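For the record, the sequence lines run as chains A and B.
11 is the number that this note's numbering gives to position 11 of the first sequence; each next residue is one higher, with no gaps.
Here this note's numbering = 1-based position in the second sequence + 1000.
Simulated from the structure, these hints should not be mistaken for laboratory data.
Hints may contain errors.
Cβ-Cβ distance ranges computed for the label pairs, FRET-style [claimed, not checked]:
1) A:Q120 <-> B:Y1074: 47 to 53 Å
2) A:A117 <-> B:A1045: 18 to 24 Å
3) B:A1045 <-> A:P113: 42 to 48 Å
4) A:E87 <-> B:R1007: 43 to 49 Å
5) A:D124 <-> B:I1079: 41 to 47 Å
6) B:Q1009 <-> A:G94: 33 to 39 Å
7) B:R1011 <-> A:Y47: 28 to 34 Å
Since this is a predicted model, take the numbers as computed values, not measurements.
Here a beta-carbon is modelled for each residue, glycine too, at the ideal position from N, C-alpha and C.
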Amino acid sequence: MWLYEKKLQYPVRVSKPDVRMAGYLITQYGGPDGELSAALRYLNQRYTMPTGRAKGVLTDIGTEELAHLEIIATMVYKLLRGVPPEELRRVDLGPHYAQHDNALFLNDANGVPWTAAYIQATGDPIADLHEDLAAEQKARATYEHLIRLTDDPDLKDGLRFLREREVVHFQRFGELLDHVHGYMTSKKLF
Amino acid sequence: MNGLESREQVRLLREIQELEFAAVEWNLFLDTHPENREALEAYNATVARLNEKKRAYEAAYGPLVHFGASASAYPWRWIEDPWPWEIDY
């Protein structure tokens, strides 16, 4: 069971509408290294994790990623607020407008829709945790690209928060990998 | 700009966000360091402060959480605007 808390994890501010940036940011909504991929990857891998610690970390980080999905959605929503269709067309978001108007959709910066092929669950905790560590690094790199693509200080602030969370998650997954490794080794001995 | 939120609402929300950030951080740390007493005490102290702030916020602006986590005044306040993405900080 999940509960919704009617607040953002972090305050989202943008200085001005920016259609082009919204088109780039959407990759963290429905792209390969985005927040939906992260949340579903971790929450789905929980069921074959061997220890309470592993199940807890995946539950908690997976849940935090859902809060990040909402932060990205809010950034895109605010960047597109009040923008007329001709402005979308001007920055090559005409195809998006044709299919979705100003609505959000789960696709990457090139318009490619989200697919479960972005994530994996091997049933092998060591393999899955290595994927999770890599996912956090790919998300960190993507946030660094996005930070470089905007000159809006308010938007940069929110993106820096999200980037930092990837670093913290990587740290926790690393500790978890050591723990699970120890657990698997001890199981083989007895 | 939505404009439905008051500056007081935003101020309280930010205090809640700050405390909850600490709670999330201690929570994740405790997941991989479950026997760290210092972290556990910090987590529990944060929980107490966070609950106090949340109750104050909900008394003024309605439930923060649905499905039985918080009671509502009349009429049902859960559906009131603004929603999180509409608030200007």
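Hint check:
no., hint, verdict
1, A:Q120 <-> B:Y1074: 47 to 53 Å, "49 Å, holds"
2, A:A117 <-> B:A1045: 18 to 24 Å, "44 Å, violated"
3, B:A1045 <-> A:P113: 42 to 48 Å, "45 Å, holds"
4, A:E87 <-> B:R1007: 43 to 49 Å, "31 Å, violated"
5, A:D124 <-> B:I1079: 41 to 47 Å, "45 Å, holds"
6, B:Q1009 <-> A:G94: 33 to 39 Å, "38 Å, holds"
7, B:R1011 <-> A:Y47: 28 to 34 Å, "42 Å, violated"
The earlier numbered hints that this structure contradicts are 2, 4, 7.
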